[in-house]
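There are 2 protein chains.
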Amino acid sequence: MLTRLELAKDWVRDAGNFLKENISSPLEITEKTRYDDLVTNFDKEVQEQLVSNILHHFPEDKILAEEDDEKIKFDPEIPHLWILDPIDGTTNFIVQKDNFAIMLAYYEFGVGKFGLILDVMKDKLYWCDSHKAFCNQKELESKKMSLDKSLLGVNSYMYRTNSGGLLDLSHQTLGVRIIGSAGISYGQLLEGKILGYFSNLQPWDYAAGSIIAEKIGFVTLTTSGEKPRFNCREQVFTAPAYLVSEIQKYIKS
Amino acid sequence: MLTRLELAKDWVRDAGNFLKENISSPLEITEKTRYDDLVTNFDKEVQEQLVSNILHHFPEDKILAEEDDEKIKFDPEIPHLWILDPIDGTTNFIVQKDNFAIMLAYYEFGVGKFGLILDVMKDKLYWCDSHKAFCNQKELESKKMSLDKSLLGVNSYMYRTNSGGLLDLSHQTLGVRIIGSAGISYGQLLEGKILGYFSNLQPWDYAAGSIIAEKIGFVTLTTSGEKPRFNCREQVFTAPAYLVSEIQKYIKS
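Protein sequences, first through last, are from chains A and B.
Counting from 256, one number per residue, gives the positions in the first sequence under the working numbering.
Counting from 256, one number per residue, gives the positions in the second sequence under the working numbering.
Excised from the complex, chain A in its bound form:
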């Protein structure tokens, strides 16, 4: 019998193929909280496909999904919990038709078991089992990098307003990159293209990335140095464990 991880890889790949096949279709675009917070019919369609796959195989599992109006609460007493972002980087999906991701994470009693991030247009599936992290079939490795020879992935608002000290931290590095998708930024982080990722995120934005990145030595914390709470938007960063104390000289809430 296929495991949840094996099934989830197939489901996410299928959803990615669905998006690629329909990438030129007209979109129905709706504003959510503000003019630059958008959702399309495809966010909803991909979410429905993935939720339906999960519940077909595991009808007792719970799902925390971005596009649900009524969301379930993250709770360490839930035996089987999925966290889903059907299209991360919806603005990129709409404007660029590139640089967006499907993200799915799986927890047992509050402990992250595996995560999947599909960079749809580049056909890159980042994922992990209980020990190792991969991009497609290639095992990912932790690299030792120093701050002053590295780049950071950042949220534009936090960067320009020095929120959480992010601008100060950026001055210790070779610069910042802004991609517009947590999933694509986590992909860059996992491949060593950025050293850390700093943004103002919801649980579905960091769930999969934080589980995968942990396998190669990264930790995910809020700018106050706490574990993220998985129940609201928070300033969160993922960075190598060996650099956290150096980073926290600059990053504070």
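These are calculated hints, taken from the structure and not from any lab test.
The model shown is predicted, which means the values in this text are computed figures rather than measured ones.
Hints are not guaranteed to be accurate.
Note: identical chains are not told apart, hence a pair may lie in one copy or across any two.
[Said to hold, decoys possible] Straight-line Cα separation of at most 35 angstroms, DSBU-like style, residue types lysine-lysine; simulated pairs:
{"id": "1", "residue 1": "377", "residue 2": "387"}
{"id": "2", "residue 1": "328", "residue 2": "299"}
{"id": "3", "residue 1": "398", "residue 2": "368"}
{"id": "4", "residue 1": "482", "residue 2": "393"}
{"id": "5", "residue 1": "404", "residue 2": "377"}
{"id": "6", "residue 1": "387", "residue 2": "399"}
{"id": "7", "residue 1": "399", "residue 2": "287"}
{"id": "8", "residue 1": "264", "residue 2": "504"}
{"id": "9", "residue 1": "299", "residue 2": "264"}
{"id": "10", "residue 1": "377", "residue 2": "275"}
Since the structure of chain A is provided, determine the placement of chain B on it from the hints.
Same frame as chain A, now just chain B:
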């Protein structure tokens, strides 16, 4: 006999293959003007290869190349002038081993005849002849986009300090992206992934991109609204001609 354009495409592709073959080699990295302005032995090697190719075929041609200590001046009296950036996005080349470009532009009596931008790791050659622009063999098209449904490619310093009014302009859009390479940003612009590109650039950073983009309706101006002078670093932007007057409500020097 092959034309300069046909030859240049081969030379740039060859240089790109050389970089890809050597992407894992140890680098000799030198600081130029400051700690985050870097050059490698490969910038110099690629420049030498391209200069040698040009002068072998066209010994009378002149070349303005980024890594020359003594640079020739852009002058509309020069019959055959090449402008060369052997590796644009050197920091990305060093840190990411991705998101860097080779750029070559050709001018006759001060008029841009063609440009080439090779996104080395994605095997995308952006180029133009005297009429049309292409990505590899695919003809590029101008798209009508409005500011409020678009993204901008920006320089991090200009964005966060509102230099030239760039932060003000960004608030009229869906947001900004920071890539760290003019060449890769021009590629995104040519493919419609960003509407405009705004940065503090040297001639070799905008020469090829401005020539190619002109074929699909873009113009390149300084933040003061002048044509760039091709003899120093200037705040320059490339944007659709039909949007320049709207952009200039915000962009001023």
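Status of the hints after comparison with the structure:
| no. | hint | in the structure |
| --- | --- | --- |
| 1 | 377 / 387 | both (22 angstroms within a copy, 27 angstroms between copies) |
| 2 | 328 / 299 | within (20 angstroms within a copy, 56 angstroms between copies) |
| 3 | 398 / 368 | within (23 angstroms within a copy, 44 angstroms between copies) |
| 4 | 482 / 393 | within (29 angstroms within a copy, 48 angstroms between copies) |
| 5 | 404 / 377 | both (27 angstroms within a copy, 24 angstroms between copies) |
| 6 | 387 / 399 | within (17 angstroms within a copy, 46 angstroms between copies) |
| 7 | 399 / 287 | between (40 angstroms within a copy, 25 angstroms between copies) |
| 8 | 264 / 504 | neither (39 angstroms within a copy, 49 angstroms between copies) |
| 9 | 299 / 264 | within (19 angstroms within a copy, 44 angstroms between copies) |
| 10 | 377 / 275 | both (10 angstroms within a copy, 18 angstroms between copies) |
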